[in-house]
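Produce the entire structure from the sequences given, and follow the hints as far as they go.
There are 2 protein chains.
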Amino acid sequence: MKSYSELTRNELLNLKAELDRQFEEIKAQGLSLDMSRGKPARAQLDLSMGMMDVLHGDADLSCETGVDCRNYGVIDGIPEAKRLLGAMSEVEPENIIIYGNSSLNVMFDSIARSMTHGVMGYTPWCKLDKVKFLCPVPGYDRHFKITEFFGIEMINVPMTPEGPDMDMVEELVQSDEAIKGIWCVPKYSNPQGYTYSQETCERFARLKPAAPDFRIYWDNAYSIHHLYDYHQDYLHEILEECREVGNPDIVYKFTSTSKVSFPGSGIAAVAASQANLDDFRKYMRIQTIGHDKLNQLRHVRFFKDLDGLHEHMRKHAAIIRPKFEMVENTLDKELTGLGIGEWTKPFGGYFISFDSMDGCAKRIVGLAKEAGVVMTHAGATFPYGKDPRDRNIRIAPTFPTLDELEKAVNVFVVCVKKASVEKLLRKKDA
Amino acid sequence: MKSYSELTRNELLNLKAELDRQFEEIKAQGLSLDMSRGKPARAQLDLSMGMMDVLHGDADLSCETGVDCRNYGVIDGIPEAKRLLGAMSEVEPENIIIYGNSSLNVMFDSIARSMTHGVMGYTPWCKLDKVKFLCPVPGYDRHFKITEFFGIEMINVPMTPEGPDMDMVEELVQSDEAIKGIWCVPKYSNPQGYTYSQETCERFARLKPAAPDFRIYWDNAYSIHHLYDYHQDYLHEILEECREVGNPDIVYKFTSTSKVSFPGSGIAAVAASQANLDDFRKYMRIQTIGHDKLNQLRHVRFFKDLDGLHEHMRKHAAIIRPKFEMVENTLDKELTGLGIGEWTKPFGGYFISFDSMDGCAKRIVGLAKEAGVVMTHAGATFPYGKDPRDRNIRIAPTFPTLDELEKAVNVFVVCVKKASVEKLLRKKDA
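These protein sequence lines are chains X and E, in that order.
So in our numbering, the last spot in the first sequence is 430, and the numbers never skip.
So in our numbering, the last spot in the second sequence is 1430, and the numbers never skip.
Treat the hints as calculated values from the structure; they're not laboratory data.
A virtual CB, placed ideally from N, CA and C, is assigned to each residue, including glycine.
Honestly, I wouldn't trust all of these hints.
What the hints assert, rightly or not - In silico BS3-like cross-links for lysine-lysine, where the CA-CA straight-line distance does not exceed 27 Å:
#1 X:Lys282 <-> X:Lys127
#2 E:Lys1130 <-> X:Lys282
#3 X:Lys145 <-> E:Lys1386
#4 X:Lys130 <-> E:Lys1282
#5 E:Lys1127 <-> X:Lys130
#6 X:Lys386 <-> E:Lys1282
#7 X:Lys282 <-> E:Lys1132
#8 X:Lys127 <-> E:Lys1130
#9 X:Lys282 <-> E:Lys1386
#10 E:Lys1132 <-> X:Lys127
#11 E:Lys1127 <-> X:Lys127
To be verified - If you want the ones that stay clear, here's a sample from chain E, every Cβ over 10 Å from chain X, calculated:
#12 Leu1015
#13 Pro1093
#14 Glu1334
Here is the structure:
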């Protein structure tokens, strides 16, 4: 295939005419497809239906310490749930607090708590003139929305396949006391599917921030969400690493079963040092009488242990792996060598990250929408919704059926080509 | 019976000797009883076990609009849950947001939101020098703990059987812009079991606070928690009243099924004006992707409608009514005419409020503890844990079995008598 940039003006014009024709044909089909949402498909949810039966009307609903899970009590999680999510987070049960149905909610509350009460006794952020967060980009839009909501200034840090640019992270956190945190999705990152290298993790653990209340928000959302049995990314465990290098309090590790059991009806957890967990608990004890212990029990009785979780995730993988592969194969076949796009090929997680030529992402997403295919809003993967190069698009292959997805990705490919040709023609005319 | 205050010093000394002997006898029994906690008994929790079966592995888990409740989506509650909790709250479904498992958590978050983001566009409270709350006393300790946690100054307002002293409430909120809210448990109040009169509700709706961001925190925790079929308190519906008098935004109504289904595994809701709910939603959309819809569905399929809820609450009443009556009868029999205590006889809710002679509550609770009976900490029903007259004790009859409760209340009675005699003797000696 010849790269688009090597085409003459006439060749581009001919190509554009052909792509316009294809595009009109697609539009005429009146499609209504969605590649925007990191949601499990129905078939994945069906995998957890057995969970509806483990707590039946005749079941003993006491946890292993004999506490009746139907009543008030046990603020930070029943022991067996701490063990299960501890295993999933690769930490000891005593380093875990179990929360409600959403780890995003726990992250939000952690920022809210830092605003009003400060971190482990330091000045509440609402009393400071300026608070800043580092945001590896592209990244997870819901993280950025939280920090934006609290008026926290966000600084972009470029992502690499090994994680955030650590030279930049180190320099910034060492030099600016206003920088209080960094958002990380360290494994199968949203949207690239990158996993931080061991060196990156070690450098994170060794950060010497100017702010004593700086925290790494380590959102390990896809810790066991592999696509393959053998090709799997391995993430170095950071909490132990931090403890070993004398930096035990620098990280909050978040996890949840949202994309293991049921999104919105899972259980979430935080792993951190005792000092941090005590700080969390102080807030929690006033905020609530306790989280839903029956749902904790339901999860433990269904999954049993880490092996049970892994076995379950293999069934998820069997459903979504063909979707990822189909998207990747189609992009390979249709776009390789054209010089108009690059994309990731993750071994896990929920997304593929696509980078178009600079200045084309908005147009591509707009064209796709016109053709009946909803993509994640261009820019969504950057703070304030602003992608400085207007090139990143997040592809979410999981929710549609394979058949729908195939249609959608073929539409997407035409939109990428069309927007790229338009861009190159504008360049030639300029 | 002769009032203790009419007894001579010698009569008191003889009485004290007899009570000391009784107290030692009780201590020798090595009791371990608990009248401190507003928790349902096991038998009450058993009433809801059918809820464990309504969502089984073969059930269709879509809500009535066809949304799959197992997946992300529907931020503010499925329609049937809004209808159910709307009926329970006596408001239209469109005036309801459904939350997670705890209304206390929603109240906490409402204060946190007001601190960092302000109420409907007004200055965030964290930017103000002083924020104050009115606290009808005695009241619910968890309310007071929230406002204390956020550094909000609390002002005691005396309760009457018709509700808070409204002359005082009106005068304070009209004259002080720093007063941003008032905590209310308007029906079967914690701890007295009082229900606000219609006049009180009408005066609340007509408040003209100096602060435009003043809100009534109307925690209707016991709205359907009657003890009797015929003797029931009726609470005037405040949201409609506020709308009618042109004060639609002044109230947040909270409710939950914590003491209807399972404490900690119920569902919570807020009823308020559209403007207030929009303010809540703005925060919520950033805070979470959504609450547990499966638990919403579980509640709706089990209770079906308001009739179903009422029928269920009659079964609760059948279990706890004998407990309340036994406590009341014992107090009547043992203390009437002695002038050493007064107590409420509520038609619903979870508590009986006991007022000893001034300066005796701590001693009574201490004696009870010594004798093996745990009561709610004296002072807990007041802001900062400080009962200025040291006389209020909250009795929670629901959790123990009838047999345990009978033992506990008889111990309590001896402790009341003993503490009172000691107090009167000190007075005579002074």
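**Item:** Hints violated by the structure (numbers, ascending)
**Value:** Violated: hint 3 alone.
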